[in-house]
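The hints should help you fit chain B onto chain A, whose structure is shown.
There are 2 protein chains.
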Amino acid sequence: MTKGLKQRIIKRAATDLEKVEIALEHLLNPNLELVKEIASHLLFSGGKRLRPLLMIHSARLCGYNTGFEIQFSIIFEYLHAASLLHDDVVDEADIRRGKKAAHTKWSAPKVVLTGDFLMARALDIAAKAKEPDIISVIAKITRDMSQGEIDQLTKKGKLDLSEQEYLKVIERKTAVLIQGACQCGAILAKVEKEKEDALNQYGFHLGMAFQMADDLLDYTASAQDLGKNPGADIREGKLTLPLIHSLANASPEDKAWMQDAISAVEFNPDQFEKLKEKLYAYKGIEYTRKRAQGHVKKAKACLDGFGDSESKQLLCLIADYSIERKV
Amino acid sequence: MTKGLKQRIIKRAATDLEKVEIALEHLLNPNLELVKEIASHLLFSGGKRLRPLLMIHSARLCGYNTGFEIQFSIIFEYLHAASLLHDDVVDEADIRRGKKAAHTKWSAPKVVLTGDFLMARALDIAAKAKEPDIISVIAKITRDMSQGEIDQLTKKGKLDLSEQEYLKVIERKTAVLIQGACQCGAILAKVEKEKEDALNQYGFHLGMAFQMADDLLDYTASAQDLGKNPGADIREGKLTLPLIHSLANASPEDKAWMQDAISAVEFNPDQFEKLKEKLYAYKGIEYTRKRAQGHVKKAKACLDGFGDSESKQLLCLIADYSIERKV
Chain A
1 MTKGLKQRII KRAATDLEKV EIALEHLLNP NLELVKEIAS HLLFSGGKRL RPLLMIHSAR
61 LCGYNTGFEI QFSIIFEYLH AASLLHDDVV DEADIRRGKK AAHTKWSAPK VVLTGDFLMA
121 RALDIAAKAK EPDIISVIAK ITRDMSQGEI DQLTKKGKLD LSEQEYLKVI ERKTAVLIQG
181 ACQCGAILAK VEKEKEDALN QYGFHLGMAF QMADDLLDYT ASAQDLGKNP GADIREGKLT
241 LPLIHSLANA SPEDKAWMQD AISAVEFNPD QFEKLKEKLY AYKGIEYTRK RAQGHVKKAK
301 ACLDGFGDSE SKQLLCLIAD YSIERKV
Chain B
1 MTKGLKQRII KRAATDLEKV EIALEHLLNP NLELVKEIAS HLLFSGGKRL RPLLMIHSAR
61 LCGYNTGFEI QFSIIFEYLH AASLLHDDVV DEADIRRGKK AAHTKWSAPK VVLTGDFLMA
121 RALDIAAKAK EPDIISVIAK ITRDMSQGEI DQLTKKGKLD LSEQEYLKVI ERKTAVLIQG
181 ACQCGAILAK VEKEKEDALN QYGFHLGMAF QMADDLLDYT ASAQDLGKNP GADIREGKLT
241 LPLIHSLANA SPEDKAWMQD AISAVEFNPD QFEKLKEKLY AYKGIEYTRK RAQGHVKKAK
301 ACLDGFGDSE SKQLLCLIAD YSIERKV
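Going down the list, the protein sequences come from chains A and B. 1 is the number of the first residue of the first sequence in my numbering; add one for each residue after it. 1 is the number of the first residue of the second sequence in my numbering; add one for each residue after it.
It is worth saying that the hints were derived from the structure and are not from the lab. Wrong hints could be hidden among the right ones.
Identical chains blur together in the list; that is why a pair holds if it fits in one copy or across any two.
Derived pair list, reagent style DSSO-like, types lysine-lysine, alpha-carbon separation capped at 30 Å [what the hints assert, rightly or not]: (1) 156 / 300; (2) 156 / 168; (3) 283 / 168; (4) 190 / 130; (5) 195 / 130; (6) 290 / 11; (7) 130 / 11; (8) 155 / 36; (9) 128 / 168.
Looking at chain A on its own, in the form it has when it is part of the complex (with noise of 0.2 Å):
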């Protein structure tokens, strides 16, 4: 049913994947060989494109369709990469979409730097739409996602993490863009404020929905799946919401020894499979999953205000698609 949701999405926008492809290339236009290595590595490790998506159809969504669309959309996918350059170095991870991570091939400066690049190229591309108004999204995900990081980083092993808190750290650091990418592919439109907040409220619950799958997905999808060996994010002392929630719920000792596992230096596979465990019988998992498939649905009733069209049920489904997942 899941690879059934993704091959739909796929294949309805197979056109525009490709299109994107060639253009993600095609603007990248470095200087230096080594920068197009460099950011390539990252680019072209199959991203799902998932951003660039979002714009093209937020756009089309409000009746833009000049083709323009979709060099526009690269702002969003250079954006993520820069991200996830900024990121590798950040979270000291060695595997990323099943490869190495770009600091583990060049020095962690070089990697910080093409990052750099690539955000000067989106907003190269950006400048090209003359809206004042999209650079100023463009520098509120870079002022969130950047504090994101950095709060996300500050609360490393923080085993009385909030709720509250975590869900402020996944806003900046995912929804941010994401939301982002959807309300400038209204603001290309030049549509009325009320059809630009709506698409800026379906990307913020799309966003919200896709970090808690991944989430999720850290804990229950398999290492051939997901590309990186799971329980990451506790290895690297993050504590996310199915743990948070379980950890609430917990008995004093099922607590004392989930906090005792987190805190470990080392943390082998069946503490692993013990911890996931808890987080089933304390319904962090499950709690988890309602609370993503909540925003599906306020996601997708964001979209009530347009009327039927292949970009809405696109969206619709990639919204359905963000929890379904595998990967």
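Positioned in the frame of chain A, the structure of chain B alone reads:
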């Protein structure tokens, strides 16, 4: 004489500089206290505010004087600071402006992300000008600076670095930002293309002179004046013009000695003094100073088309100061 030049500039610019300091703090506006702390560590550690001053007086030279130029000029100090924060990770330099570099006090990821935050703030201010051309200039600045740094990194320890390669590196890593600040002053003032180009070229030549002077100071200044130990470039494997020119003119024996010295892992003060003697003997110091003076002369000539004014005088003083300074 030099001190006199600096004081004349500060006296003329005192009111603006005060307003710039206030705006730098006021516009920072982060959500997280930690971001403020990391950003402030660098921002308020005695920067010269050269780039804001250049932007302000480029705008005024073109007749723009609404007061917004103060706020707008902050863009270029934030961009500069963002690049220094990313450079701190790049250079692994421990001392910056006489203080410990940010990355020795905070983890590299937090420093990188604070750089991203400053970039975002710069964009937010830029968006307020509602001039897409300004965004294109900022995109160019970021694109060139990131690639200039990567280029310099890949050329670390390259013993046969040519003067041409050196010029390309310093243009990208330094001149482009100063050039962009001056050009954006003109764009803000909506002057004709000819004047915009003149200020762009003024900024280019000033930037080249400024970096050459910096590269000279790394050999000729005292640790006290410099706020860090001289010889940092050579310890990091960065070949700059004084050395490049001297290598090209040295006797085979001296060339071999110099190349050995550069490649040596450890570099003692005696060797550094001996290297400096060679740079004087083979006129690397003199040549670099002359090249820098040539750029200052060209910078000032770019202002010929503008009538006399306070701002023109200040821009000329800054050009002179760029190579007369001791820090």
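Results of checking the hints against the structure:
Neither within a single protomer nor between protomers do residue 156 and residue 300 lie at most 30 Å apart by alpha-carbon distance, with minima of 33 Å and 53 Å respectively. Proximity of residue 156 and residue 168 under a CA criterion of 30 Å is satisfied intra-copy only: 14 Å inside one chain copy versus 42 Å between copies. Taking the closest pair of Cα atoms, residue 283 and residue 168 come within 30 Å of each other only inside a single copy of the chain (22 Å); across copies the shortest separation is 59 Å, beyond that limit. Both within a single protomer and between protomers do residue 190 and residue 130 lie at most 30 Å apart by alpha-carbon distance, with minima of 12 Å and 16 Å respectively.
Taking the shortest alpha-carbon separations for residue 195 and residue 130, both the intra-copy value of 20 Å and the inter-copy value of 23 Å come in at or below 30 Å. In this assembly of identical chains, the alpha carbons of residue 290 and residue 11 lie at most 30 Å apart only when taken from the same copy (28 Å versus 64 Å across copies). With identical chains, the CA atoms of residue 130 and residue 11 are never at most 30 Å apart, being 33 Å at best within one copy and 39 Å at best between copies. Within a single copy, residue 155 and residue 36 get their C-alpha atoms only as close as 34 Å, which misses the 30 Å cut-off; across copies the closest is 17 Å, which meets it.
For the homomeric pair residue 128 and residue 168, the shortest alpha-carbon distance between copies (27 Å) is at most 30 Å, but the shortest distance inside one copy (32 Å) is not.
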